[in-house]
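Once you've looked at the hints, dock chain H against the given chain W.
Chains as they are written, first to last, in this note's numbering: chain W, 2 to 362; chain H, 6 to 171.
One thing to keep in mind: the hints can contain errors.
Below, simulated DSS-like cross-link-like pairs (lysine-lysine); rule was C-alpha separation at most 25 Å, straight line [claimed, not checked]: (1) Lys40(W) x Lys77(W); (2) Lys187(W) x Lys40(H); (3) Lys187(W) x Lys32(H); (4) Lys62(W) x Lys40(W); (5) Lys40(H) x Lys178(W).
These are computed hints drawn from the structure, not numbers from a lab.
Spelled out from the first residue to the last, the chains are:
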Amino acid sequence: MLLKIRNILISLVLLAVTYQAHAEDGHQTATENKSFNLKEMLFSHVLDAYEWHVFTMPDGKHISIPLLVIVKSSEKGWFIFSSSRLAHGHAYEGFSISHNEKYRGKVVETTANGEEIRPLDLSFTKNAAAILLSCILLVVIFLRLASGYRKAPLKSRRGFAGVLEMLIMSIYDDVIKPCAGPNYRKFSPYLLTAFFFVFLNNLFGLIPVFPGAANVTGNLSVTMVLALLTFILTNVYGNREYWKEVFWPDVPVWLKVPLPIMPFVEILGLFTKPFALMVRLFANMLSGHFIVLVFMGLIFIFAELFGQAVAGGVSIVSVAFSGFILLLDVLISFIQAYVFTMLSAVFIGLGQVEHHPEKAH
Amino acid sequence: MELFTPEVGLICWMLVPFLIVFFVLGKFAWPVIIKGVSERANFIDQSIQSAKDANEQLASIKALGETMLTEARNEQLRILNDANQARNQLLDEAKKQAKQEAEKILSAAQLTIQKEKEDISRQVRSEIAVISIGIAEKIIRNRLDASEQEELVNRLVEEANASGKN
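Here chain H stands alone, though its shape is the one from the complex:
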């Protein structure tokens, strides 16, 4: 029966130390530990969240960089195209100008040549007239009066000139 009879002495020895432990731990241990654990849990949650945010930010930055890169590449292509076009245009224009210049020069040259040709032909004609007059003079000196003959020859040369011009 001793097993089932509570002892006053042991009840005291149980109650007092237990209450002391309860007050000491309740004041200095449990709140601190529970607060510490919950603080750490919050910290871990926050850290995970901020890591997630950072990752997202990184991803967006990466995407931004890629778009910028493609844009730059497009711009480069466009600029290159433009330059090509400009060059071609310039070249074309230069070619055109050169062609015009050449044509101009050519026509001028033709004109000069024409004039020269005319001058030369006139000279040649007058030379020929002089020479033929000389020849004719020599032939007909003996028989004809020089002045009468020269009048005739000049008239003939005029006629010849007129016909040559026509």
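Isolated chain W, as found in the complex:
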């Protein structure tokens, strides 16, 4: 136990020294060009990008995987090219990555009169690549598991397959079955896929190096698609009782007739539910990333303000805290995926509400 604690302390100190060295670099460049910009650092980590940054060489050179830029200019039509052509502020066919406040970090087209406009941008970005990667992983993992069940259905699963089975069955039995109404079987494929998609991407987002580090579930576009799918399933499969409760809810008549107050609230509720679903997953995952990054950023801020000695001390605390937060984020990854699935199941289940003849008042 003591040995373990000592080892942890030693590694923390080593890490701190490394960060401090890094901070010195930062300090030097700061004095040369500009001071450390926490905001920029944060956003460059959590936002989407046109290339997938792998690591930075000791000499400051960035190693990145270039991805596809797919844009449609309203004048010149479709363009598909590697994002490496836009690296370091280069322009290609009139396209470049904007540095202006309006479209910062996005591909823009510069028109003849020097104006920046956004083309239709369907680029295969870092998040898109991360999504594709996780989708391939999901398909491979679960098709393999399923083929195992096809071959030997009565064999007990151990190891990874056992964990997967435990997760699948706990979601299926404890979330989908009680929440998604009597037709839960029909919705379980979507809910299970959503759970594992969110869970896998949450976990991948925590890995600080290349195949991870993409902030997929902390991206509003992604959570919007998921929430939209839940919204569609809820309302497309919603039964008569559900729509009756929306337009003619079980409340005193004066709340419905001259002014449709309750129907208005209910219709608003149709949209607030998926909106909440979208925002809460996004905000939770984003905040997890932010906290870790802010702890890291503190080292550089302290280095700038008080010099290396203080930064060294701070870095120990920072590394320890961000390690702790990362561990907490592992827990949060599961909880958020679970909550997303549960809320989706509950919303879908509300659309499957059964007619309750006469409630005892």
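Positioned in the frame of chain W, the structure of chain H alone reads:
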């Protein structure tokens, strides 16, 4: 603000792969896995039930065997008792028969002995008569006529016989 503006491109890149994954897994993975797990659960339940049944059967068979054993033991005891009784009875009967036979033999022997005794006594008497006649003849030959005397002696012997019989 970029953080809060959804991107059309990413929405497409999210929607299409996710839907593909959803359809593929929804068709080929989830139903198979859930069916497999529930099948296994049923199998386990059945196995436990049949094991329970088998145990119960075994217990009942064991009980049956025990009752059969005790019955057999009782039967054995009963048979042994019976045999003992039969033997004793036989023995008793044999003893009784032997006793009767012995008595019979004894009485027959007594009868014979009685008869013999009578025969012997009669013989002895006639012997004695002959001898005494001889003696008397010798004594009174000289004085008496033999025929007169023999008549007298025979009459005396008859008398003696009659009295001896009485």
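Outcome of the hint check:
1. Lys40(W) x Lys77(W): Judged against 25 Å, a Cα distance of about 36 Å means the pair is violated.
2. Lys187(W) x Lys40(H): holds (14 Å)
3. Lys187(W) x Lys32(H): holds (12 Å)
4. Lys62(W) x Lys40(W): Roughly 21 Å separates the two Cα atoms, so the pair holds.
5. Lys40(H) x Lys178(W): holds (15 Å)
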